Amino acid sequence: MRRTRFEVALWALQRASAAVLALCVTAHLATNIYAVQGGLSAAEILGRTRGSVGLALFYGLFVAAVAVHAPIGLRTVLRETLGWHGRATDAALAAFALFLAWFGWRAVAGLVA
Amino acid sequence: MGTIEVRVWRGTAEGSYQSFAVPRRANQTVLDLVTYIQRTLDPTLAYRFACRVGMCGSCAMTVNGKPRWTCRTHVARLDGDVMTIEPLKNLPVVKDLVADLAPFFDKWAKAEGSFKPTAAPGSDFVVVKPDTAARVAADAGIECIGCAVCYSACDVAAWNPDYLGPAALNRAWTLQNDVRDGGKAARLSAVAGDAGCHACHTQQSCRAHCPKGLNPSAAIAGLKRAALGALLKGEL
Numbered sequence: 000m001r002r003t004r005f006e007v008a009l010w011a012l013q014r015a016s017a018a019v020l021a022l023c024v025t026a027h028l029a030t031n032i033y034a035v036q037g038g039l040s041a042a043e044i045l046g047r048t049r050g051s052v053g054l055a056l057f058y059g060l061f062v063a064a065v066a067v068h069a070p071i072g073l074r075t076v077l078r079e080t081l082g083w084h085g086r087a088t089d090a091a092l093a094a095f096a097l098f099l100a101w102f103g104w105r106a107v108a109g110l111v112a
Numbered sequence: 000m001g002t003i004e005v006r007v008w009r010g011t012a013e014g015s016y017q018s019f020a021v022p023r024r025a026n027q028t029v030l031d032l033v034t035y036i037q038r039t040l041d042p043t044l045a046y047r048f049a050c051r052v053g054m055c056g057s058c059a060m061t062v063n064g065k066p067r068w069t070c071r072t073h074v075a076r077l078d079g080d081v082m083t084i085e086p087l088k089n090l091p092v093v094k095d096l097v098a099d100l101a102p103f104f105d106k107w108a109k110a111e112g113s114f115k116p117t118a119a120p121g122s123d124f125v126v127v128k129p130d131t132a133a134r135v136a137a138d139a140g141i142e143c144i145g146c147a148v149c150y151s152a153c154d155v156a157a158w159n160p161d162y163l164g165p166a167a168l169n170r171a172w173t174l175q176n177d178v179r180d181g182g183k184a185a186r187l188s189a190v191a192g193d194a195g196c197h198a199c200h201t202q203q204s205c206r207a208h209c210p211k212g213l214n215p216s217a218a219i220a221g222l223k224r225a226a227l228g229a230l231l232k233g234e235l
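Quick note, the sequences are listed as chains B and C, same order.
Mind the numbering: the first sequence is residues 0 to 112 in numbering that gives the first Met the number 0, read in order.
Mind the numbering: the second sequence is residues 0 to 235 in numbering that gives the first Met the number 0, read in order.
Okay, chain B solo, but in the shape it has when bound (with noise of 0.2 Å):
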């Protein structure tokens, strides 16, 4: 029975994870093409990006949802295409989404710190 609702629960997070995608990415690329119009450089992105607030919620909200996201979807491509699954596969898969989480928050803390 847990094992069921650890299933029940990893699917809906998915699911849950893939709207936040589709809306981060959406903001994402938007504002890039947004911003580059007149051409940007780097010293000029981080003036605009450092002390924000908003930006960092955003970009680890972004982060969050990919390290939820990419491990599940991996289970599955990882059971269907080499046949691996089980407990060691999910501890491995917990530890990627760790790695894509500690380095993604990194990033963000790069660009607004």
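Any given hint might turn out to be false.
As the list claims (entries may be wrong) - Listed next, the stretches of chain B that the computed footprint assigns to chain C, with coverage defined by at least 3 CB atoms under 8 Å from CB atoms of chain C:
#1 20-27
#2 69-79
Stated by the list, open to error - To give a feel for the contact side, a few chain B residues facing chain C, derived at Cβ under 8 Å:
#3 MET0
#4 ARG2
#5 SER16
#6 THR88
Since the hints were made in silico from the structure, they are not lab data.
Here the structure is a predicted model, which means the values were calculated and not measured.
Don't be surprised by glycine CBs; every beta carbon is placed ideally from N, CA and C.
With chain B fixed as given, assemble chain C onto it according to the hints.
Coordinates of chain C only, in the frame set by chain B:
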């Protein structure tokens, strides 16, 4: 009317194709071709059929790469003068065109695909109104004949040998919507495991190939929603 070249799989998992020239006839079905070969050209050919009228689900085979019910598939509707007939995919082959359906039906059992009565013996008939939402959902999938065409067409069944498959999940969904059934909690747990309804990618190959025009993908989506609802209510 000429002849048609029929390439037939001979063997089990290992084997090869054998070609036969079969006379064309009016209103000829693919099952007619196979029957002609077995009765006239090579009596050692193994194949399976029973009702010949699209009711029993016995005669499904892979025809030109696609799973079909052969008794209701007219040769004239398929293109070309060469036809390739193989056993159903995603199942072990017993011999020639006969697939072993035991794993397919074992998964119906794993999905708790049997009716669990709640009424005591001798009690009166339950009144089930046909226009209720639950009955409409059950009726949408109830005409499944268990031919395994959907299972043979399913990529997830090919990739994940434990996947319960569209037919078993469709059956489970019809029972989840049967007001007389008392096995709903156990069934939802059975179909929400790691090779159950959530493994479906909604590619809808089952829907595209079902000879009865059913939509197992919709049934699976219903199970996903029901499982999530049960999880949120603490009933899973």
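Hint by hint, here is what the structure shows:
1. 20-27: Check failed, 0 qualifying residues.
2. 69-79: Contact hint for the segment 69-79 of chain B vs chain C: holds, 3 residues under 8 Å.
3. MET0: At about 6 Å, which falls below the 8 Å cut-off, the nearest Cβ of chain C leaves the hint on MET0/B intact, so it holds.
4. ARG2: The hint holds - ARG2/B has a Cβ within 8 Å of chain C, the shortest such distance being about 7 Å.
5. SER16: 15 Å, violated
6. THR88: 11 Å, violated
In summary, the structure is inconsistent with hints 1, 5, 6 from the numbered list given earlier, while agreeing with the others.
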